[in-house]
Every structure is written in structure tokens, then in C-alpha cells.
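Peer 1: So you can see what is in the structure, the chains are spelled out below.
Number of protein chains: 4
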Amino acid sequence: MSNLFGRNFRVMTFGESHGPALGVVIDGLPAGLRLPLELIQADLDRRRPGLSPYVSPRQEPDEAEILSGLAAEGRTNGAPLALLIRNRDARGRDYETRKFRPGHSDWPYFIKYGLRPQPGGGRSSGRETVARVAAGAVARIMLSPLGLRARAYAVAVGRVKAESPDPDFAETDPLRFADRDLAPRAHQEVETAMSEGDSVGAVVEVRVTGVPAGWGEPVFGKLEAALGGAFFSIGAVRAVEFGEGLAMSAQRGSEANDPLGPEGPITNRHGGIMGGLSTGLPIVARLHVRPTPSIAREQRSVTVDGQPTTISTSGRHDPCLAPRLAPVAEAMALITLADFHLEPNRHYVAINQSVEA
Amino acid sequence: MSNLFGRNFRVMTFGESHGPALGVVIDGLPAGLRLPLELIQADLDRRRPGLSPYVSPRQEPDEAEILSGLAAEGRTNGAPLALLIRNRDARGRDYETRKFRPGHSDWPYFIKYGLRPQPGGGRSSGRETVARVAAGAVARIMLSPLGLRARAYAVAVGRVKAESPDPDFAETDPLRFADRDLAPRAHQEVETAMSEGDSVGAVVEVRVTGVPAGWGEPVFGKLEAALGGAFFSIGAVRAVEFGEGLAMSAQRGSEANDPLGPEGPITNRHGGIMGGLSTGLPIVARLHVRPTPSIAREQRSVTVDGQPTTISTSGRHDPCLAPRLAPVAEAMALITLADFHLEPNRHYVAINQSVEA
Amino acid sequence: MSNLFGRNFRVMTFGESHGPALGVVIDGLPAGLRLPLELIQADLDRRRPGLSPYVSPRQEPDEAEILSGLAAEGRTNGAPLALLIRNRDARGRDYETRKFRPGHSDWPYFIKYGLRPQPGGGRSSGRETVARVAAGAVARIMLSPLGLRARAYAVAVGRVKAESPDPDFAETDPLRFADRDLAPRAHQEVETAMSEGDSVGAVVEVRVTGVPAGWGEPVFGKLEAALGGAFFSIGAVRAVEFGEGLAMSAQRGSEANDPLGPEGPITNRHGGIMGGLSTGLPIVARLHVRPTPSIAREQRSVTVDGQPTTISTSGRHDPCLAPRLAPVAEAMALITLADFHLEPNRHYVAINQSVEA
Amino acid sequence: MSNLFGRNFRVMTFGESHGPALGVVIDGLPAGLRLPLELIQADLDRRRPGLSPYVSPRQEPDEAEILSGLAAEGRTNGAPLALLIRNRDARGRDYETRKFRPGHSDWPYFIKYGLRPQPGGGRSSGRETVARVAAGAVARIMLSPLGLRARAYAVAVGRVKAESPDPDFAETDPLRFADRDLAPRAHQEVETAMSEGDSVGAVVEVRVTGVPAGWGEPVFGKLEAALGGAFFSIGAVRAVEFGEGLAMSAQRGSEANDPLGPEGPITNRHGGIMGGLSTGLPIVARLHVRPTPSIAREQRSVTVDGQPTTISTSGRHDPCLAPRLAPVAEAMALITLADFHLEPNRHYVAINQSVEA
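Chains as they are written, first to last, in our numbering: chain V, 1 to 357; chain L, 1 to 357; chain X, 1 to 357; chain P, 1 to 357.
None of these hints come from the bench; they were simulated from the model. Any given hint could be a false lead.
Identical copies go unnamed one by one, so any copy, or any two together, can satisfy a pair.
[Claimed, not checked] Here are the computed lysine to aspartate or glutamate pairs in the DMTMM-like style, where the Cα-Cα straight-line distance is at most 25 Å: (1) Lys99 / Glu263; (2) Lys99 / Glu171; (3) Lys99 / Glu255; (4) Lys99 / Glu73; (5) Lys161 / Glu171; (6) Lys99 / Asp89; (7) Lys99 / Glu298; (8) Lys161 / Glu38; (9) Lys161 / Glu73; (10) Lys161 / Asp94; (11) Lys99 / Glu343; (12) Lys99 / Glu38; (13) Lys161 / Glu63; (14) Lys161 / Glu263.
Assemble the whole structure, with the sequences as input and the hints as a guide.
Peer 2: Structure (C-alpha cells):
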């Protein structure tokens, strides 16, 4: 496995769905950063299960304990920051581990690691993302003084698309759907699927403002490459687009280019990234999320012994991943940007070089 | 900049559009691999400019010289393989460097590095990708004995979409468009744009067969994350999707899951990657490519001194990026997969552990 | 800071001397490894404080809790292994933090991080190494089935040098001094220093047998480079030598070369590493360790406000670092070797390459 | 192999003793650095062969060509800098490749890569280091405006030890021996060995002044760990010590500690590194170098088929490695320090954090 993310703001996560705990170690933080635990908790609460009819009923307080990295005065001391979140409602025994669940990692993990399915997916469970959100909260705190803000919200739930996305409304909606007028239809979409033992997909938009121009490291560390990789590391994400994204493939160059003014691009068709670098305009990405694979409907599968069987996934699941995936998408954006924030400055500075060997 | 890709099959590329040369160093190759130079050349030829009316007329033979890494018998010796490709038709002086080109890296590079635009974009030019294709050819040779095959081709050119993609036909088409019947319409799409001093976008599909099940390194090195990052490192790619991708966000779980049989998934809606790991079925990705930003039509811009101006990009450019981007997309897929091929085996093996300190 | 070690067997450590806990996350383990907790505990016990008159009296049980990475049957599941060790006898308030301690990190940390001295040195304390020993124990378990064994012991304590080192005796000696006959003199050396409020240096030898020939990654990952860097990451190590080491600088080539037989080198002047690669013979390194900087004798120093002062270091300290540093040196050797064990095989294999693009 | 060094100032080297060329790519350079080619050449000239009776007579001009990374005005443009040095006097056929040479990498490379000995050692030849010196010259130019200066010189040649090292004299001495009065004895030591078909060892001291306090990344990136690993990556280095190094293992704490004044340590027993961080005082390291393994005297060996034989190494070799290894040691110190120079600043800065999610 590879559970390490980042070059400068290095994030190592650990923990399994029904193990003792989840956690994260962040290496590379500057010293002196005040880290209010309540801000970290606020972000964790945004992805907590059990808070609405549209998310898993698992009861987890998701309280973070800081094990390392803070000086007496509540500021970082330059040492690695370790955060621990105990599992409180783990129920490994509720899970069927003799059958592979379609759409899950069970079968490919069996091939790769030789293990029969772990309870609730083990490390491949969405529960793993609680550690990402904790790390994202730290990144948010570090980046906040720059004026950087990140928000993610659903712009589509099943076949219901938001017409004029309102991120503030999304924070109040149990599906995190960003359109107040269409929210009832989105809720209906999910309820219908639930009543049929099924689940729905979604589109989550991530919007980051306040990123200074010039972040990104071409050619392989282009900002789209880093963010794209980060978003695709979230389970269930099947497509990612930046700016006008998909639509651009059917455009003409004269439609797609953003004209330039003295302060840079005047329009933002490019979604805040040009030539792999941030432009100072809002970074906009959309993540296309597949429907939750765990469904009550009967599906064809096989047992760990290779015998044909059927499976109807029990356990506690989200009928639509959008409301809990959105905070994870924010977190991955923030972690990625924190990493670039700590990159060395590579700006041309005409040093008066008096070189002497 | 970050011009290094990969962990095990480490690729470092260098070179600029109008500098002396481009090249790549590959570190981490096993010894004993026979590397026929003509196979590398064949891949380079597939992205060469100057070969059709639909690509840049720049005349570059793109001949690779091997500087290091081969033993006398033409096999790798375990040392880094260095490949050099001299620029033969560099014309730095043809380029306007007092104005920023819309849609290019000129302006953000100026902010990041403090440099006025480099001729032809310098390092940010598509010419940089010749080194990727050379590295991809080496990866292809290494992976070939496994039965692994990679192909990329256009499934849309502007508004013309391929109906039944035929990768073999694509290899014969000057736009690498994969539908014989609709090819004339695709050509027309590009010619119309050219005649109007404009350019068109495209969708390139990458299809890799023969990848064994179990490649990928969750959670941050999921196969989609690695490939997604690799594809987004190619300039002009604005969206990436895997398998049924985008379409899945509007599906139900019962439609999206692939049922399982004794040999794994029976259908391939997931595009060959499930839980971040390969499933043994074909890996299918689609790259949505923006229209070439260099167009003859007049656009609003500013000079390096911040004065408003207009610009009509001269130089030698491709009216549609698909035919030359496809080999680059293949190369990035192959390099990424070569990297996973060299990952340590993590399969459960019940060792008879007699541990003694 | 950089608290991450290794490429394949990735070890991230965290924790401070008087914080809540220390710990380690190990990423990259194969699945299926049986990890008996008692073996990990046995290694932790070997560096525990409080067990003899020659080590710090701090009372720490150093019990490890596994938070992640084990499947139900007590074997690794391929997920990151997280180990936690709570501090039980932390006494932050006993420590003077208004004065810089000579020979410690206090002053350079103040310059780098802007922090006044942390209790007991915070992250720079030797206590940090408990996490390394936990990781080393895991590495030992993984490498043990290969027949690989690592031992470290003191071959000099102050001015007393072992004449015929006996690693087995060292395990029974409170100073881990490897010469039974001279042990009383070594003990006397330390007691005299203690009675004078002073400390003594030592030389620790690390001996690893059972390493297969061919481990190492030239040119920058030569085995001496990797092990040398690992040993120098242990505080107080001021010199490292391999094989006949130092002595070789005054030799002739004809004395220094090991003649070769059909199975490789016949003698082991090179200390098990030649051309940066293991030779199959025992790897032998010696670490020259400075005397403990914390001493009761009065020394010149300054306060955090830059005022001249004197300091007599209180707190709980080891008069000689050898007995507790030896297990850490073993651990670093094991972690480093575990990393090479997981490197891809680069042996020439004449593949029947039928390359087809 | 692992031919990549560094995290921020990333150096990838390539090339073999009797291949077409050697070279280096440096990734991560800031833009705007003026890189006078003559300064690079001056460093290359310092390790060139053929310039005195005490070094290999191979005739290599070692002229560097810059392939990438410079803007028109001779300053770096932020892109990877690629430097190429063609082999002009390669004579692969002069080399015996049917026998393993004792003390060389031939035998372990055969085990690891399955290759019979490469002419002149191939990649394991000292010739590889020309690329390191080129990279070191670039690092020197980058660090020079800080006032940083690095020098390496021999403080012992065989059994002759310098009494009062004078680095300036060393630059004029064909052995780079640092003691004018004892130089004739050092020359005699080498000549006697040469006349007997033998070689001698040496001790090379590296001294770097002008390093600001606070460089280094504890715990695994301590400055000794990074520099120690860098020095041990140079073939023939068998021991490395910092500051008073070895001597400290026999000292008392009260002798070994450097007292502190308002500007930091007053004395420099610690050799410029304390707690893994630079202190602002000169960094001093000593490298103990084995005698050249290639000697004319007959030695026992085996053929590639495992048959006992004798070997008397022909080819062109250095009777003492000191004069040519010293510039390489400087280069490795400079490259390592360049890497730390580009690390993110981690100093406590009391930001007025108004955090808002």
C-alpha cells in the first residue's frame, strides 16, 4: 500500500473500518502554527456518520486526540503532528466476509494481498477518509491566513442537477446539494433509490479561492496533475474535470482561451489553472462520483472459494456518497495546496552573484 | 519544476522547445532487457511533427541517441538509461516573446519564475513530450512480454464523435480518429477551423489490455490516482474519466456494479480498476482535450510590461492536438504501469516463520 | 522536520519526550506476516530505561499498542501498521527551559524553529528512538525467515576497549559491553565519571549476518550510504566506519583487497559491502558515540534571552549511551535492510522478448 | 540502481566509464541564476585525469555541454538543467572482462545484475563522479552568494599525516595534500607504492564555511545523516567522522561539549553540526579512503565461470584516490547543502491567524 501523500506537507494515514482507531501523522509543518482543536473537530463533524437519514447510521463521535507536535502554548513545534481518532462503534462481526461484494475492493484485494474480505472493507472503507479530513483541517488552518478558502458541495445528485449552485445552502442541506429550489427533488431521488434497495451517484464540485498565482510544479507536478491524482485517490470518483473541463473538448480555441489583462486572465474558463500553474482565479474542479456499491438489492457474486452466489450487502451504508465525500474532496484539495505552499520559491531573483570557488 | 515521474521506474525528462536537445533518463530498469532502438524510434515517429496537414510543419527527425545504460550486447545493464533527441529545426527567433499568449503558460510562468515568455513556450511546449514518448517506448518493451498492450486514439474531434471506435483504423488516420465512416467529417471539422484561423478540441481514449489483476497501491497510489495524475500532466487535458466514468454519476448502484464470477468481474463498467486496483480487464480512460490555444485569430492580451495589446499566435502549431497527444497518453499510461510492475509483491504468503532475535 | 525513513518499508515516527505518546506507522508491509507482539515487546525492553544503575531511572513500561494493520488472525493485512507507546512517566515540569543546554539541540532548534527549549528536548530526546526500535522489531520479524540476524554491542566504553568481543555476553551486561574480562573496568570507567558528575563515550559495533549478496542500490543508494545515513540519524553518533574502516586509509591496496573465490570474497576486510552491494559476508559497522551531553558539572551557557549563565543539567540521564543506543543501532540497520529487501529485483533475466507495439 | 540524489535540488546522474557520455540533470533550480560555464569547467578540471604522475593518464577534456535549462541571457529558467560530458578516450577493449577484480564491484554486480564485468567497471567506475562534480559546481554557484565556501583536501596519504593542514597549499599539490612541509614525504609514499605495483589510502577532510545555523531536518534528515550518506556514496570511502569524531568516543562529556555564548557555540568540537542542525560554525568532516583496489600486483581471483585464477589489474588507474576524490567530496557536500537551502522555512512565526473555514 501507499498511504503517504505529499512531498513537503507529508501526510501518512492509517486505520481500518473496524479496527481500534484511525489516525494521521503530518510531517513537515512549520513551527508556531496555532491549531485550535475545535476547528479540526468542526471539519470532522462535517463528514461524521449518523447525522441524517441520508448517511450511514453508524455512531461515531470522531473525536481527535493530538499525540505529538504541539508545544505547551498550543502551537506547533515543528515536530510531526499525530492525530488519533478511536473507533467507537466498530462491529466487525456484522460483516459477511465469505463473499466478495461487487463494486468493492474485496476481490482485487484478495488477488493482491491474498486476504479474504476484511470487515466493512478494512482499509478500503470510506471510514479511512476521516484521517484525511483531520489532515485537511490542519492544512486549512495553515492556509487560512493567506485568505485561501475551500468548499465542496453536490451539483448533481442522481439525475437532479443544480442550476445555480449556492455553496452556503449546501452546508445546511443533508445531501450537501447546492441548489435550494431543487433540493426537494434531490432528496426524492435518494429516497426513491433507498426504498428500492438501491443507491445514486452524484457530482461534487470543489471550489478554492485565494490561491496565489504561480503554484504548481510543471511538468509532472502540474496543479491539475496533483489535484487530479488527489481526487482520484478518493474511492468512487470516476471522473474529474477542471474549469469548463469536458465541454472544452467540443469547443474552438477562440472560445476556450481566456483573454489576458494586466492582472492575468480576465475570464476563468480554465478553472484557475493554466500551464499547470494557478492563475489567482478560483480553482474549480468537478468530481463525478459513482453510486454507493453497497446496496440491498441482490447481485451476482462468488464466495471466497469461487462458488457462484448472490449477495445483498448488509451493514450500514450511505445511499449517496455526496454529503460525506464533499468534505473529503475539500480535504484533499487543501492537503495538496498545503504541499505546494511549502515548495521552494523558484522566482527569478537577479542576485548580485560574486561567485568565488 | 518537477520533472521526475515515478517511484521505481523513475523518469527524469529535460529539454525545451527551441533549446539544443530534449532527453530523458530512466533509473531503476532491471538488467538484461533487450532494447531495440527501432522500436523506440517507431514510437517517436508516431508523435513526430511535419507528417500530415493536421500537425505542425516543424521538421524534426526525432532520432534518439542512447548515451548510457546498455551493455555491449544491446541489453540494459542496470545503469540509468539516457536518451537524447537533438532539436534540428529550432527557430527561437521566430517567436514573439514580448506578449503573453492566452491559454498558454506564458503569464503564469512569468509570475512564478519571473521570466518573459520563452520561445515556443520553452519547457512548457508540447515538444517536451517527445522525451515522454521515448520513456514510454522503453516501458512498452519492458511490459510487452507480460502481454500488456496500450493504444490511444481519438474518439471525438471537435463535435464529431466516433460511433464504433476502431483503434486499428486510427493508426492510419492523420487525425488518429477511430471511426472510418466518420473520419471525413472529422477532417472537415479541423479544416473548417483551420480556414477560420481557429482550432478544435478532442477526446482521446486510452485502452490498455493485459494488465494483471492487483496492480495499484491504495490508498493514495490507487491506479486511477496514478494514471489520472499522469494524464493530467499532459498539457491541454481538462478532464479524465475511467470506465463508464461521467455517466456513472447519474446511475443507480444496481446499474453501476459489475457482477462477479470466479475469475473476477464479468462486465467492465469500472474500466479495469476497482478499489484502486487493476482487475485484469482492459483499463479504459478518456482524456478530454482542449482546443490548441495557439490560434491565428486575434485575441486580447497584454505585453510583458502590462500594456493591453492583441495577439495572433504565429509559429508552427497543430490545429487539433489529438493525433500527437494520443502517443503521449499511451506513453504516460505505460510509464505509470511500468512503475507498478516494479512495486514489491505484497501478497500474503504464509511463511513458516521461525523468528529468532 | 523529516521523520520519514525508507522508500519501500516506509517508517514515519512521531512523539516527544514529555508528550502524550510516541509511535510509528509502517507503510509498505507485505500481507500475511505473523507479528507476535511479544517479539516487539522484547526489543522494546532491550532499550527501556530504569533497568540498571547505568541508565536513566525514568520508569516507562514502553508497552506497544497496535492500532492498525493486523487482520483477525494476527497477521499483517497489507495496510499501514501503526504502533503506539504511551508516555507514563513524563515530567515536563522538571525541566529547565530558560537555558540552552550545551551539546544539545536546544540552541540550533531555537534558531531553526524559534522555540525555547522543549522539556527534555522534546522531539530531539533519545526517547524518540523507542519508535525506531518498534519499527526495527517489525523489520527483524520480516527478515528473520531469510536467516538474517542483527546484533549491536559496545566494543569500547570510555577508554576501555573490548579485546575479543562476545555479543552474547554483551546482552547480559548492564553496559552491553562485549568483553567479559574487561567488563569490570568498563563499569568502573562509568562509575568514576558518574561520581564526578560526568559522562563517557563509547564505540558500538553492529554486526548483521545472513544478508544475501547483491543488496544495495548504486550509486547513491550504496549500502554504506544507506546504512551510514541511518546510523548518523541517531543522536550522539559522530563517526561511522565499515569493515576495517579507518585502518584502511593507512593500508596498501594489496593489504586491503579481499581475494575472491568461487563463492565471492574469501576474507571480510570490506565488512560485507563491496561496490555498494552486500557480499553475503557479515556486515560490520562501528559507531563512535560521544559522551552524553547532559552532565551534572557546571558549564557555560546562555539563557533564552541571550544572557550568560551556567548550567548543570538536571533531569534523568544515561551516563553512557552505549547500552541503550545499541538496540537503536540494530533497529536502524534492520529498517534499512528491510527497505532493500523490498527493492525490485534487477537481475538480468534473458526474457524471450517478442515485442509487439 | 538509484542514481537520484536529493529532494529539492534533485540530481540524476548517468553514464559509464567506457560508454558514449556522462551527464547529469538537475531538477528544482530556481530561475534567474547566472551560470558561468567557466566556473563549472573549473571544477571539472580539478578532478580531471591525466594531469599529474599521481593520477590516471586517461586523456579526457571533460568539457560540459548545457542541453537544457538556460534562458537566452545565460541564466537558469527554472527548467531542468542538463549537462553532458562526452567520453573522448574510452577504450572498452583494453579491459579484461572475464575475471572479477578483487576490491571492485565486479563480483557483487554479477550477483545482482547477472552481468559479466563491464569495461572499466561501467557505471561503478570513478569516472561516474564527473557528473557529480558538474552538479556540485552548480550548487556552489547557487550557494556562493550566501558566503558559503567548500574545500576538500588530503590530511593523510598512506601513513603520512598532515600536521597543520593548509587547504590553499593543497590546491597546488598534485596529491592535494594539505601540508607543504610533509608533502615530499607524501609524494614518496605514493611513489614507493607505485614502484611496487601497489596503491595507498588517504584521509580527505571537507570543510564548509558560511553555512547558516539551522540547516538540517531531524530526525532522519539530520545534517550528519544527509552528509554522511552523501560521503559514503563515494566509492572507496570506508569511514566518515564529523568534528572531533572518533576521538569523542574516548572523551568525557565535560570535554566534548561546546560551551554556549549569545551567538551559539563558542568552540567547534561538534564540527558545525549539533542536534542534527548546522550551528553556523565551519562544518568539518573527514573521509577515510581505502587504497585504490586496482593494482598491478598479482592477486587471487576467479573467472566469470568460477575458475580460480590470478589477476593483475591493467588499465589506467590512480595510485592514490585523494587528489581526485577531494573535488567529489566537495561536490557531494555542496549538493547536499543545496538541497537543504531549498527546504521550506519552518521557523515559528506568530501569524495573526484569523481562521475561518
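Peer 1: Next step is simple, just say for each hint if it's right about the structure.
Peer 2: Hints, verified against the model:
1. For a Cα distance limit of 25 Å, the shortest separation of Lys99 from Glu263 across copies, 14 Å, qualifies, whereas the shortest one inside one copy, 58 Å, does not.
2. Within a single copy, Lys99 and Glu171 get their C-alpha atoms no closer than 37 Å, and across copies no closer than 43 Å, so neither meets the 25 Å cut-off.
3. Only between protomers do Lys99 and Glu255 lie at most 25 Å apart by alpha-carbon distance; the minimum there is 20 Å, versus 51 Å within a single protomer.
4. In this assembly of identical chains, Lys99 and Glu73 lie within 25 Å of each other by CA distance solely across copies; the values are 18 Å between and 51 Å within a copy.
5. Taking the shortest alpha-carbon separations for Lys161 and Glu171, only the intra-copy value of 17 Å comes in at or below 25 Å, while the best inter-copy value is 39 Å.
6. In this assembly of identical chains, Lys99 and Asp89 lie within 25 Å of each other by CA distance solely inside one copy; the values are 23 Å within and 47 Å between copies.
7. Taking the shortest alpha-carbon separations for Lys99 and Glu298, only the intra-copy value of 13 Å comes in at or below 25 Å, while the best inter-copy value is 62 Å.
8. For the identical chains of this complex, Lys161 and Glu38 are neighbours neither inside a copy (34 Å) nor across copies (51 Å), given an alpha-carbon limit of 25 Å.
9. In this assembly of identical chains, Lys161 and Glu73 lie within 25 Å of each other by CA distance neither inside one copy nor across copies; the values are 47 Å within and 47 Å between.
10. For the identical chains of this complex, Lys161 and Asp94 are neighbours neither inside a copy (36 Å) nor across copies (48 Å), given an alpha-carbon limit of 25 Å.
11. Neither within a single protomer nor between protomers do Lys99 and Glu343 lie at most 25 Å apart by alpha-carbon distance, with minima of 46 Å and 28 Å respectively.
12. Taking the shortest alpha-carbon separations for Lys99 and Glu38, neither the intra-copy value of 41 Å nor the inter-copy value of 33 Å comes in at or below 25 Å.
13. Within a single copy, Lys161 and Glu63 get their C-alpha atoms no closer than 34 Å, and across copies no closer than 51 Å, so neither meets the 25 Å cut-off.
14. For the identical chains of this complex, Lys161 and Glu263 are neighbours neither inside a copy (34 Å) nor across copies (38 Å), given an alpha-carbon limit of 25 Å.
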